[in-house]
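The task is simple: from the sequences and hints, build the whole structure.
So that you can map any letter, position 455 of the sequence shown is 455 in full-length UniProt numbering, and since no number is skipped, the others follow by simple counting.
Just so you know, the hints here were simulated from the structure itself, not pulled from any lab data. Careful: at least some of the hints might be erroneous.
Label pairs and their in silico Cβ distance ranges [claimed, not checked]:
#1 R397 x R225: 46 to 56 Å
#2 E271 x A140: 53 to 63 Å
#3 R143 x P469: 17 to 27 Å
#4 T51 x G274: 41 to 51 Å
#5 G336 x D86: 37 to 47 Å
Being a predicted model, the structure only gives us computed values, none of them experimental. We put the beta carbon where it would ideally sit given N, CA and C, even for glycine.
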Amino acid sequence: MASDTAPVHRPGEAAQGLAAAGELASAAGRCCGEYGRASAASAASASAAQTFVLANGLTVIVQPDRRAPTAVQMLWVRVGSMDETDAEAGVAHVLEHMMFKGTPSVPEGEYSRRIAALGGRDNAFTSRDVTAYHVQLPAAQLRQAMALEADRFAHNAWSAETLARELDVIREERRQRIEDEPSAQLFEQFQATAWLVHPYRRPVIGWMSSLQGMQAHTVRDFRQRWYVPGNAALVVVGDVDVQQVRQWAEATFGALPARVVPPRTPLVEPEQRGMRRVEWRSRVPQPTLLMGWPVPRLDAPDADTPEARDALALLLLAGVLDGHAAARLGRALVQGQDGARLADSVSVSYGLAGRGPQQFMLAATVRPGVSVPQVEQALRAQIERIARDGVSDAELRRVRNQWAASEVFQRDSLFAQARELGMHWALGWPLDANERLLQRLAAITPADVQRVAVRYFGDDTLTVAVMRPQEEAR
Numbered sequence: 001m002a003s004d005t006a007p008v009h010r011p012g013e014a015a016q017g018l019a020a021a022g023e024l025a026s027a028a029g030r031c032c033g034e035y036g037r038a039s040a041a042s043a044a045s046a047s048a049a050q051t052f053v054l055a056n057g058l059t060v061i062v063q064p065d066r067r068a069p070t071a072v073q074m075l076w077v078r079v080g081s082m083d084e085t086d087a088e089a090g091v092a093h094v095l096e097h098m099m100f101k102g103t104p105s106v107p108e109g110e111y112s113r114r115i116a117a118l119g120g121r122d123n124a125f126t127s128r129d130v131t132a133y134h135v136q137l138p139a140a141q142l143r144q145a146m147a148l149e150a151d152r153f154a155h156n157a158w159s160a161e162t163l164a165r166e167l168d169v170i171r172e173e174r175r176q177r178i179e180d181e182p183s184a185q186l187f188e189q190f191q192a193t194a195w196l197v198h199p200y201r202r203p204v205i206g207w208m209s210s211l212q213g214m215q216a217h218t219v220r221d222f223r224q225r226w227y228v229p230g231n232a233a234l235v236v237v238g239d240v241d242v243q244q245v246r247q248w249a250e251a252t253f254g255a256l257p258a259r260v261v262p263p264r265t266p267l268v269e270p271e272q273r274g275m276r277r278v279e280w281r282s283r284v285p286q287p288t289l290l291m292g293w294p295v296p297r298l299d300a301p302d303a304d305t306p307e308a309r310d311a312l313a314l315l316l317l318a319g320v321l322d323g324h325a326a327a328r329l330g331r332a333l334v335q336g337q338d339g340a341r342l343a344d345s346v347s348v349s350y351g352l353a354g355r356g357p358q359q360f361m362l363a364a365t366v367r368p369g370v371s372v373p374q375v376e377q378a379l380r381a382q383i384e385r386i387a388r389d390g391v392s393d394a395e396l397r398r399v400r401n402q403w404a405a406s407e408v409f410q411r412d413s414l415f416a417q418a419r420e421l422g423m424h425w426a427l428g429w430p431l432d433a434n435e436r437l438l439q440r441l442a443a444i445t446p447a448d449v450q451r452v453a454v455r456y457f458g459d460d461t462l463t464v465a466v467m468r469p470q471e472e473a474r
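So, in structure tokens, the structure goes:
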């Protein structure tokens with residue numbers, strides 16, 4: 001898939017649209033809530049999680065939640081499309097598919113059948129930064145699921161003929177989810193333009209040409225290189241006993257030999273020193289506009305640097321612009337409260353954190369009869385207004401409450417809890433990172449938000465992508 005913020009899917013679904021701009025979900029669209037209550041709930045949940053590292057280097061994270069006799073098991077591997085070379089484009093996602101194709105002791109197709117027989121359901125996803133395999137099932141069956149996962153992690157095996165058949169499936173997936181989806185095409189073109197050398201410029205699913213020429217040894221070599229215990233984490237959330245899970249992990253994953261995690265040498269993106277533009281024509285009734293600027297990422301929730309403070313201020317800026325039904329962009333462009341209605345929809349995306357560089361992105365669907373430059377100028381005018389006049393304390397409180405409330409609501413989902421813990425591990429963050437972020441966000445002032453609105457949204461770092469109807473006059 002294109003982003004780990006996308007919905008849960010069967011292995012290999014590469015949904016890649018405008019919403020896939022960030023690795024972590026922005027606070028912009030989260031529901032309102034009460035900060036203090038949410039903060040306490042987050043702290044209590046985080047304190048229940050325990051982590052330990054097996055002798056071979058594999059990390060195990062366990063969070064008991066005894067509200068129902070079920071459990072979620074997620075195996076996270078810190079490898080995604082950013083770890084590929086150009087020649088390997090798409091291989092991380094292809095390998096996700098092939099992990100379901102069997103081992104010497106579990107024939108092709110048998111893994112999912114066995115999980116279903118245990119009363120569970122299984123799935124997986126690939127992003128730019130990570131690959132994760134997850135199972136939800138009755139807690140009493142967790143030991144068997146853990147053994148199956150350890151087996152395929154260590155002994156995944158398939159033939160070249162099996163790969164050839166699966167590549168047909170993945171190519172069709174790309175046709176359906178990228179080449180037949182105009183918004184996904186636009187996002188792909190935008191990324192390839194915004195990044196010159198960083199691996200984020202490539203689509204997670206890979207280019208069609210790379211999928212047509214991929215060889216079995218490329219996939220096997222990639223698995224051998226990155227699927228090592230020291231590059232993986234097992235996350236278990238549910239009605240479980242921590243010490244029991246630890247014993248089972250030692251007996252299954254602990255039996256795998258330790259191997260060296262390869263050094264990572266990602267290419268560093270050169271400084272952008274001029275506006276970039278790309279136009280794309282497709283079968284759409286009206287134009288779509290996508291604008292993005294490179295901005296700082298948050299390296300750690302406790303980072304005490306100017307860049308970290310700017311990253312948190314950018315997160316609040318995203319929420320002010322597009323955090324609720326009455327947010328600034330919606331009022332100005334969709335509802336037309338500042339004049340004419342210019343767009344049918346608007347959105348903001350800022351990933352905040354990831355293993356690679358981040359972007360602050362604005363998107364809009366242009367209303368019929370309105371020109372793209374009008375909408376582009378209107379979007380920029382809203383940021384310029386904040387740069388000139390600032391934001392209110394009330395606006396920032398609302399965004400903070402949205403973030404805090406989301407921590408309460410996701411406690412109702414074992415999967416959401418496991419996903420949060422796994423992403424924190426992948427980023428090298430502490431388990432209670434969101435609680436720490438809430439505390440840090442409380443210290444961000446309107447002046448901080450105004451400062452980043454002034455600093456990061458100039459012409460020289462802007463990338464613009466426009467999708468126009470094919471029949472539109474050139």
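Do the hints match the structure? See the list:
no.	hint	verdict
1	R397 x R225: 46 to 56 Å	holds (47 Å)
2	E271 x A140: 53 to 63 Å	holds (56 Å)
3	R143 x P469: 17 to 27 Å	violated (56 Å)
4	T51 x G274: 41 to 51 Å	holds (45 Å)
5	G336 x D86: 37 to 47 Å	holds (45 Å)
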